[in-house]
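**Q** Sequence:
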Amino acid sequence: MNFSSIIASITLSCITFTAHAKSLDHVIVVSTQKSAGTMSVGEKSAYTQSFEISLGNLKGRELDLAGYCLKAYGAEGKEYKLNTVDEVLTVGKLKVGAPVQGMAVFSSVDPGVHKPLMIKLSGVCK
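Under mature numbering (1 follows the signal peptide of the UniProt record, and there is no 0), the letters of the sequence shown match residues -21 to -1, 1 to 105, in that order.
Since the hints were derived computationally from the structure, they do not count as laboratory data.
These figures come from a predicted structure and were not determined experimentally.
A couple of the hints might just be wrong.
No more than 30 Å apart at the CA atoms, straight line, and that leaves these computed lysine-lysine pairs for DSS-like [what the hints assert, rightly or not]:
{"id": "1", "residue 1": "Lys13", "residue 2": "Lys105"}
{"id": "2", "residue 1": "Lys57", "residue 2": "Lys99"}
{"id": "3", "residue 1": "Lys105", "residue 2": "Lys94"}
{"id": "4", "residue 1": "Lys50", "residue 2": "Lys105"}
{"id": "5", "residue 1": "Lys23", "residue 2": "Lys13"}
{"id": "6", "residue 1": "Lys13", "residue 2": "Lys99"}
{"id": "7", "residue 1": "Lys74", "residue 2": "Lys105"}
{"id": "8", "residue 1": "Lys38", "residue 2": "Lys23"}
{"id": "9", "residue 1": "Lys105", "residue 2": "Lys38"}
{"id": "10", "residue 1": "Lys50", "residue 2": "Lys99"}
{"id": "11", "residue 1": "Lys13", "residue 2": "Lys57"}
{"id": "12", "residue 1": "Lys94", "residue 2": "Lys13"}
{"id": "13", "residue 1": "Lys23", "residue 2": "Lys74"}
{"id": "14", "residue 1": "Lys105", "residue 2": "Lys57"}
{"id": "15", "residue 1": "Lys72", "residue 2": "Lys13"}
{"id": "16", "residue 1": "Lys50", "residue 2": "Lys38"}
{"id": "17", "residue 1": "Lys57", "residue 2": "Lys94"}
{"id": "18", "residue 1": "Lys60", "residue 2": "Lys99"}
{"id": "19", "residue 1": "Lys23", "residue 2": "Lys50"}
{"id": "20", "residue 1": "Lys23", "residue 2": "Lys94"}
{"id": "21", "residue 1": "Lys60", "residue 2": "Lys50"}
{"id": "22", "residue 1": "Lys60", "residue 2": "Lys13"}
{"id": "23", "residue 1": "Lys50", "residue 2": "Lys74"}
{"id": "24", "residue 1": "Lys94", "residue 2": "Lys60"}
{"id": "25", "residue 1": "Lys38", "residue 2": "Lys72"}
{"id": "26", "residue 1": "Lys38", "residue 2": "Lys74"}
Just the calculated beta-carbon pair ranges, DEER-fashion [what the hints assert, rightly or not]:
{"id": "27", "residue 1": "Lys74", "residue 2": "Ala54", "range": "27 to 35 Å"}
{"id": "28", "residue 1": "Pro90", "residue 2": "His5", "range": "32 to 40 Å"}
{"id": "29", "residue 1": "Thr17", "residue 2": "Lys38", "range": "34 to 42 Å"}
{"id": "30", "residue 1": "Lys99", "residue 2": "Ala15", "range": "18 to 26 Å"}
{"id": "31", "residue 1": "Arg40", "residue 2": "Pro90", "range": "39 to 47 Å"}
{"id": "32", "residue 1": "Gln80", "residue 2": "Lys23", "range": "27 to 35 Å"}
For each residue, glycine too, the CB sits at the ideal point set by N, CA and C.
Sequences and hints are given; from them, build the entire structure.
**A** The following block contains the structure:
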């Protein structure tokens, strides 16, 4: 593979990533904290917080939710792991004017997950 091909590949990847990231400008995420809890198995334990999530597509074309994930962030910027999510928030198309609603639970060994969190839709999923 020559140098020009490598540069072209990197450029195309950056353009694709930028276009993907911009596509969320028309999606609203509304989250309402529902409950805080804990779970344990043997000596291992974690804190949990559940949210009722509504996703809405405000304009443009439908969005395939399969390419996106929900993320939770604390005020200090720490990201918390998504533990459980209703399928309606991760599968199918999000159509303009047809919001979807479901539950999501985030967990951590850090009790900070019980503090207020900002829930966002992201195209960068692990």
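**Q** Next step is simple, just say for each hint if it's right about the structure.
**A** A quick look at each hint next to the structure:
Among the hinted pairs, Lys13 with Lys105 is consistent with the structure: their alpha-carbon atoms are about 25 Å apart, no more than 30 Å. Restraint check for Lys57 and Lys99: satisfied, since their Cα atoms lie roughly 13 Å apart, inside the 30 Å limit. For a cut-off of 30 Å, the pair hint linking Lys105 to Lys94 stands: about 24 Å separates their Cα positions. Among the hinted pairs, Lys50 with Lys105 is consistent with the structure: their alpha-carbon atoms are about 11 Å apart, no more than 30 Å.
Distance hint between Lys23 and Lys13 is fulfilled; the C-alpha atoms sit about 24 Å from each other, no more than 30 Å. Of the pairs offered as hints, the one joining Lys13 and Lys99 holds, with about 17 Å between alpha carbons and a cut-off of 30 Å not exceeded. Distance check on the hinted pair: Lys74 and Lys105 sit about 25 Å apart at the alpha-carbon level, within 30 Å; holds. Annotation: proposed proximity of Lys38 to Lys23 is violated, straight-line Cα distance about 45 Å (limit 30 Å).
Between Lys105 and Lys38, the direct Cα distance comes to roughly 27 Å. Compliance with the 30 Å bound is thereby established for this hinted pair. A C-alpha spacing of about 5 Å is found between Lys50 and Lys99, which places the hinted pair at or below 30 Å, so the restraint holds. Annotation: proposed proximity of Lys13 to Lys57 holds, straight-line Cα distance about 20 Å (limit 30 Å). A C-alpha spacing of about 12 Å is found between Lys94 and Lys13, which places the hinted pair at or below 30 Å, so the restraint holds.
Note on Lys23 and Lys74: the hinted pairing is violated, with a Cα-Cα distance of about 41 Å set against a maximum of 30 Å. At roughly 16 Å between alpha-carbon atoms, Lys105 and Lys57 fall within 30 Å of each other, so this suggested pair holds. Among the hinted pairs, Lys72 with Lys13 is consistent with the structure: their alpha-carbon atoms are about 25 Å apart, no more than 30 Å. A C-alpha spacing of about 22 Å is found between Lys50 and Lys38, which places the hinted pair at or below 30 Å, so the restraint holds.
Restraint check: the Cα-Cα separation between Lys57 and Lys94 comes to about 11 Å, which is no more than 30 Å; the hinted pair holds. Between Lys60 and Lys99 the alpha-carbon distance is near 12 Å, which keeps this suggested pair within the 30 Å criterion. Using a Cα cut-off of 30 Å, the hinted pair Lys23 and Lys50 holds, with the two alpha carbons roughly 23 Å apart. Taking the CA atoms of Lys23 and Lys94, the gap is near 21 Å; set against the 30 Å cutoff, the hint holds.
As the CA atoms of Lys60 and Lys50 are separated by approximately 7 Å, the hinted pair is consistent with the 30 Å bound. At most 30 Å may separate the alpha-carbon atoms for a hinted pair to count; Lys60 and Lys13 meet this at roughly 17 Å. Between the alpha carbons of Lys50 and Lys74 the distance comes to roughly 21 Å, so the proposed pair stays at or under 30 Å and holds. For the hint linking Lys94 to Lys60, the alpha-carbon distance of about 14 Å falls within 30 Å, and the restraint holds.
A threshold of 30 Å between alpha carbons decides the hint, and for Lys38 with Lys72 the separation of about 13 Å falls inside it, so the pair holds. The hinted pair formed by Lys38 and Lys74 meets the criterion: a straight-line CA distance of about 9 Å does not exceed 30 Å. Taking 27 to 35 Å as the suggested C-beta distance range, the pair Lys74 and Ala54 conforms, at roughly 33 Å. Evaluation of the 32 to 40 Å hint for Pro90 and His5 yields a pass: the beta carbon distance comes to about 35 Å.
The supplied range of 34 to 42 Å is met by Thr17 and Lys38, whose beta-carbon atoms lie about 41 Å from each other. Checked against the hint of 18 to 26 Å, the pair Lys99 and Ala15 passes, with Cβ atoms roughly 20 Å apart. A hinted range of 39 to 47 Å for the beta carbons of Arg40 and Pro90 is consistent with their spacing of about 41 Å. Range check, Gln80 to Lys23: Cβ separation about 32 Å, and the 27 to 35 Å hint holds.
Of the numbered hints listed earlier, those contradicted by the structure are 8 and 13.
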